[in-house]
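Peer 1: Here are the chains, one letter per residue:
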Amino acid sequence: MKKISVDHLARVEGSGGISVTIDGKVVTDVKFSIFEGPRLVERLTLGKTPEEDVNIVPRICAICSISHKYAAIRAMENALSVKVPSKVVQFRELMHLGEMIESHSLHLYYLALPDYVGFPNAIAMASEYELEVKIALEMKGFGNHIMKTASGRYIHGENPVIGGFGKFPSKEELIWIKNRAIQFMPFVLKTTELFCELDYPDSPEDDTIYACCNPGQKKYGFAGDEIILSTGEIIEKEDYKNLTNEFVVSHSYAKRSRYKGEPYSVGALARVNNLGERLKGKAGGMFKKYFNNRWKKNPLFNNAAQALEILYAFERIPKIIDKMIKLPDPPIVKYTKKEGKGTGIVEAPRGLLIHSYEVSDGFVSFTDIVTPTAQNAEDIERYCCIAAQKLLNSGEEDKIRDRMELVVRAFDPCISCSAHMAEVKKAPEEDWKTKLDKIMKEGSPIFIGVGNRNRSDDGAGIELALELRKHGMKDILLESEINEREAPWKNRNYRPLIFLDAVDFREKPGKVTLVPIHYIFSNSALSHRLLPFISDEMNYERLKNSFVLGVQPKSITEGKKISRPVRQALIRVLELIVN
Amino acid sequence: MEKDKNGKLKIGVYELTGCAGDALLILDCEKELVSIFKAANIQSFLMAKSDNIDGELDIALVEGSVSTEREKEELLDIRKRAKVVVAIGTCACFGGIQAAFLDKKEWEKNFKKVYGDIKMEHTKPVQSKPINVYIKVDHYLPGCPIGKEQFLSTFNRIIRGNPPELYGFSVCVECKWNENDCLLNKDIPCLGPVTRAGCGSICINHNLPCVGCWGPVEDANLTSEFKLLREKGFDYDFIKKKMATFSGTGMADFLGKLEGEKK
Numbered sequence: 000m001k002k003i004s005v006d007h008l009a010r011v012e013g014s015g016g017i018s019v020t021i022d023g024k025v026v027t028d029v030k031f032s033i034f035e036g037p038r039l040v041e042r043l044t045l046g047k048t049p050e051e052d053v054n055i056v057p058r059i060c061a062i063c064s065i066s067h068k069y070a071a072i073r074a075m076e077n078a079l080s081v082k083v084p085s086k087v088v089q090f091r092e093l094m095h096l097g098e099m100i101e102s103h104s105l106h107l108y109y110l111a112l113p114d115y116v117g118f119p120n121a122i123a124m125a126s127e128y129e130l131e132v133k134i135a136l137e138m139k140g141f142g143n144h145i146m147k148t149a150s151g152r153y154i155h156g157e158n159p160v161i162g163g164f165g166k167f168p169s170k171e172e173l174i175w176i177k178n179r180a181i182q183f184m185p186f187v188l189k190t191t192e193l194f195c196e197l198d199y200p201d202s203p204e205d206d207t208i209y210a211c212c213n214p215g216q217k218k219y220g221f222a223g224d225e226i227i228l229s230t231g232e233i234i235e236k237e238d239y240k241n242l243t244n245e246f247v248v249s250h251s252y253a254k255r256s257r258y259k260g261e262p263y264s265v266g267a268l269a270r271v272n273n274l275g276e277r278l279k280g281k282a283g284g285m286f287k288k289y290f291n292n293r294w295k296k297n298p299l300f301n302n303a304a305q306a307l308e309i310l311y312a313f314e315r316i317p318k319i320i321d322k323m324i325k326l327p328d329p330p331i332v333k334y335t336k337k338e339g340k341g342t343g344i345v346e347a348p349r350g351l352l353i354h355s356y357e358v359s360d361g362f363v364s365f366t367d368i369v370t371p372t373a374q375n376a377e378d379i380e381r382y383c384c385i386a387a388q389k390l391l392n393s394g395e396e397d398k399i400r401d402r403m404e405l406v407v408r409a410f411d412p413c414i415s416c417s418a419h420m421a422e423v424k425k426a427p428e429e430d431w432k433t434k435l436d437k438i439m440k441e442g443s444p445i446f447i448g449v450g451n452r453n454r455s456d457d458g459a460g461i462e463l464a465l466e467l468r469k470h471g472m473k474d475i476l477l478e479s480e481i482n483e484r485e486a487p488w489k490n491r492n493y494r495p496l497i498f499l500d501a502v503d504f505r506e507k508p509g510k511v512t513l514v515p516i517h518y519i520f521s522n523s524a525l526s527h528r529l530l531p532f533i534s535d536e537m538n539y540e541r542l543k544n545s546f547v548l549g550v551q552p553k554s555i556t557e558g559k560k561i562s563r564p565v566r567q568a569l570i571r572v573l574e575l576i577v578n
Numbered sequence: 000m001e002k003d004k005n006g007k008l009k010i011g012v013y014e015l016t017g018c019a020g021d022a023l024l025i026l027d028c029e030k031e032l033v034s035i036f037k038a039a040n041i042q043s044f045l046m047a048k049s050d051n052i053d054g055e056l057d058i059a060l061v062e063g064s065v066s067t068e069r070e071k072e073e074l075l076d077i078r079k080r081a082k083v084v085v086a087i088g089t090c091a092c093f094g095g096i097q098a099a100f101l102d103k104k105e106w107e108k109n110f111k112k113v114y115g116d117i118k119m120e121h122t123k124p125v126q127s128k129p130i131n132v133y134i135k136v137d138h139y140l141p142g143c144p145i146g147k148e149q150f151l152s153t154f155n156r157i158i159r160g161n162p163p164e165l166y167g168f169s170v171c172v173e174c175k176w177n178e179n180d181c182l183l184n185k186d187i188p189c190l191g192p193v194t195r196a197g198c199g200s201i202c203i204n205h206n207l208p209c210v211g212c213w214g215p216v217e218d219a220n221l222t223s224e225f226k227l228l229r230e231k232g233f234d235y236d237f238i239k240k241k242m243a244t245f246s247g248t249g250m251a252d253f254l255g256k257l258e259g260e261k262k
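These protein sequence lines are chains S and Y, in that order. Quick note on numbering that gives the first Met the number 0: the first sequence kicks off at 0 and runs consecutively. Quick note on numbering that gives the first Met the number 0: the second sequence kicks off at 0 and runs consecutively.
Derived from the structure by calculation, the hints contain no laboratory data. Please read all numbers here as calculations on a predicted model, not as lab measurements. Do not take every clue at face value.
What the hints assert, rightly or not - Derived lysine-lysine pairs resembling DSS-like cross-links, with alpha carbons at most 27 Å apart: (1) Y:147 with S:336; (2) S:189 with S:337; (3) Y:175 with S:340; (4) Y:231 with S:333; (5) S:166 with Y:175; (6) S:553 with S:507; (7) S:218 with S:240; (8) S:337 with S:82; (9) Y:30 with S:189; (10) Y:123 with S:434; (11) S:337 with Y:239; (12) S:166 with Y:123; (13) S:217 with S:281; (14) S:333 with Y:185; (15) Y:30 with S:133; (16) S:507 with S:473; (17) S:217 with S:296; (18) S:166 with Y:185; (19) Y:231 with S:166; (20) S:469 with S:440; (21) S:147 with Y:123; (22) S:322 with S:86; (23) Y:175 with Y:123; (24) Y:240 with S:340; (25) Y:185 with S:82.
Let's have the full structure, built from the sequences with the hints guiding it.
Peer 2: Encoded structure:
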């Protein structure tokens with residue numbers, strides 16, 4: 000059993016890890032684990048006043064603290080029917096742009112870029128790229144400055160409240176911010192070009208669904224009242240559960256989300272994919288210049304998307320400030336309502352953030368918070384699996400660990416939201432026996448023999464199925480007997496399906512491997528001719544419960560008999576199943 | 000303290016359960032960050048670098064509270080390796096917001112509500128506690144998050160082997176320096192009188208009441224604050240919850256006594 004491991008995932012925020020298990024030439028399991036302890040923040044807010052809730056919830060995460068505050072305020076104002084004047088709306092957008100600039104520059108220059116130029120950290124990188132690192136730090140510092148101006152301090156400032164702000168900045172302060180934003184433009188353009196032109200490896204490429212806030216018609220932006228999907232579907236914010244469908248897994252204290260049973264992605268890449276066409280000005284020009292099909296399926300382009308958003312933010316700031324300085328400072332809007340339900344959605348730098356509350360008799364009686372990293376966790380695992388399998392196929396096993404870290408880091412996970420470690424495990428030689436035993440104990444499986452009996456070892460699956468029948472086993476099917484309309488995978492009772500087949504794992508002949516079926520689909524090099532159409536017909540629940548019991552063939556020459564090592568392997572499998 | 004071959008102290012920054020705000024604040028010291036890395040050998044700092052070494056340390060800065068068995072073991076290991084341990088941030092010092100369930104039963108009930116009956120594979124959850132429950136802590140640097148000036152001055156002092164010099168008074172003192180009007184006089188429930196100074200009375204400067212995020216100041220007159228808020232007509236439970244929000248176990252004794260008196 001082999002295990003490649005990075006015990007603590009570095010240069011991400013919080014404590015989490017990724018582990019991959021390899022059986023021979025096949026990736027059999029990927030787990031993105033979050034070790035950050037449980038904090039029960041949602042429960043802590045119960046019985047508090049709406050104002051106290053707004054103090055507590057940003058502490059979920061320091062990096063997204065403004066987004067948490069913003070989402071909570073939006074939700075509470077929704078619940079308590081508070082309408083805020085235009086200047087408050089403008090100032091909130093400005094503070095949010097500050098956080099985008101701060102978080103994106105921190106991620107791009109400190110956390111992500113060192114991998115692409117070959118340094119362990121940004122400080123070491125500074126030895127070669129001193130000027131870039133310094134200006135990048137200043138850009139991040141500018142984001143911090145905006146956050147401090149708006150919220151009172153760098154992290155967890157309390158100035159934004161339900162109904163407005165405790166204090167507004169002076170006209171001079173606003174004009175200073177506007178001028179500084181204009182001064183940064185040449186470096187911002189360089190940043191966008193740098194990250195759009197980086198050489199992103201193609202190993203983790205696959206389609207997914209992207210979800211983000213819809214900021215209103217034809218607008219780009221980071222807050223809205225509905226969720227827009229890359230499929231074109233629109234979900235009202237109150238119906239967010241139709242998107243998120245949260246559930247708990249045993250290897251993480253962060254909850255998980257799937258849309259219609261499928262993993263989906265949120266973040267800068269989701270926003271650029273769904274709304275990028277709406278970008279105007281220099282950001283619009285850069286989008287047209289760089290956006291291509293690879294952005295639609297490669298999570299590493301999240302870095303490019305973040306750079307594009309920094310540009311968007313810098314173009315937006317002077318416009319907001321021009322509006323703000325014309326307006327008087329409004330007092331905090333008072334409210335009298337003591338009851339109500341409300342949901343607030345905003346885009347945190349790393350994706351869609353949802354806060355939903357119920358207030359009864361002036362106190363919080365229900366809280367639900369869905370964070371971006373919790374929504375991305377399933378796709379992080381899926382893309383790591385795809386990348387690991389591709390590298391394994393091309394014989395670059397030594398690159399798996401670093402590539403997985405690259406993928407995880409590109410999602411810019413904010414592990415504090417819930418959630419250190421890349422780990423590659425090798426399954427033991429006889430692992431298939433334990434797994435098969437487990438599947439058979441959990442539910443009675445249907446076996447499906449697949450292959451061609453005229454081509455020596457390729458007939459192994461069929462041969463095994465027929466032998467199982469001879470031994471009086473029920474629920475044994477042959478590939479040729481399957482009627483597309485009544486195929487066993489269409490059955491909703493979700494009994495486990497085990498496909499028996501000769502699969503070329505590039506191992507020694509006769510080696511038996513048992514893997515979940517989607518590990519075969521995720522890689523065309525391994526997919527043999529295993530009923531390709533079923534991948535489209537199976538939903539995630541079905542896929543999770545379907546396996547391939549593969550035997551490594553020696554030869555698949557036409558007209559020959561099954562080879563000796565394969566025959567011996569079949570006997571071993573037969574004995575185990577029958578007994 | 001011994002120095003490495005380059006004459007620098009070996010320092011590690013560690014994050015337990017929390018929002019990573021204190022580690023982030025260290026990264027937010029943009030101009031001083033390069034100097035920090037030059038002044039000391041930052042051997043381990045997960046948020047900032049990937050070539051981390053878990054060896055002997057002169058100083059360990061620990062953020063966050065302990066909320067899993069794994070974190071407890073990690074903390075015990077850090078204590079074994081480090082000559083000096085500094086708790087940074089309200090979570091490490093007092094337990095933070097996640098230690099607001101003072102009663103174990105109440106915590107267990109809430110854990111079940113969130114995660115159901117699922118058995119966690121990698122590590123067992125434990126009720127969130129500040130780090131001094133498990134190890135000896137040499138210095139405390141509170142704040143939610145810690146303040147930049149106080150962090151830099153403390154860092155400067157401890158790498159020279161001196162203890163930190165923190166304010167031993169409440170937010171009210173800083174608030175008077177800033178010439179703010181007292182919000183309690185306006186019947187706004189402010190926790191300034193019982194909260195440790197160091198933030199620069201930032202909330203009150205913005206016309207907003209102190210939420211108590213730096214934890215309780217030593218020798219705080221908690222009874223007096225409690226009585227004052229009661230006189231202003233605030234409800235018993237409201238005050239209790241407000242005082243417990245950020246102070247974690249720092250208020251446990253006081254609130255426990257209150258509970259006794261009520262009965």
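Peer 1: For each hint, tell me whether it holds in the structure or not.
Peer 2: Consistency of the hints with the structure:
no. : hint             : verdict
1   : Y:147 with S:336 : violated, 39 Å
2   : S:189 with S:337 : violated, 50 Å
3   : Y:175 with S:340 : violated, 40 Å
4   : Y:231 with S:333 : holds, 20 Å
5   : S:166 with Y:175 : holds, 18 Å
6   : S:553 with S:507 : holds, 8 Å
7   : S:218 with S:240 : holds, 24 Å
8   : S:337 with S:82  : holds, 15 Å
9   : Y:30 with S:189  : holds, 22 Å
10  : Y:123 with S:434 : holds, 25 Å
11  : S:337 with Y:239 : holds, 21 Å
12  : S:166 with Y:123 : violated, 44 Å
13  : S:217 with S:281 : holds, 17 Å
14  : S:333 with Y:185 : holds, 16 Å
15  : Y:30 with S:133  : holds, 9 Å
16  : S:507 with S:473 : violated, 31 Å
17  : S:217 with S:296 : holds, 24 Å
18  : S:166 with Y:185 : holds, 17 Å
19  : Y:231 with S:166 : holds, 25 Å
20  : S:469 with S:440 : holds, 22 Å
21  : S:147 with Y:123 : violated, 38 Å
22  : S:322 with S:86  : holds, 8 Å
23  : Y:175 with Y:123 : violated, 46 Å
24  : Y:240 with S:340 : holds, 22 Å
25  : Y:185 with S:82  : holds, 25 Å
Checked against the numbered hints given earlier, the structure breaks hints 1, 2, 3, 12, 16, 21 and 23 and satisfies all the rest.
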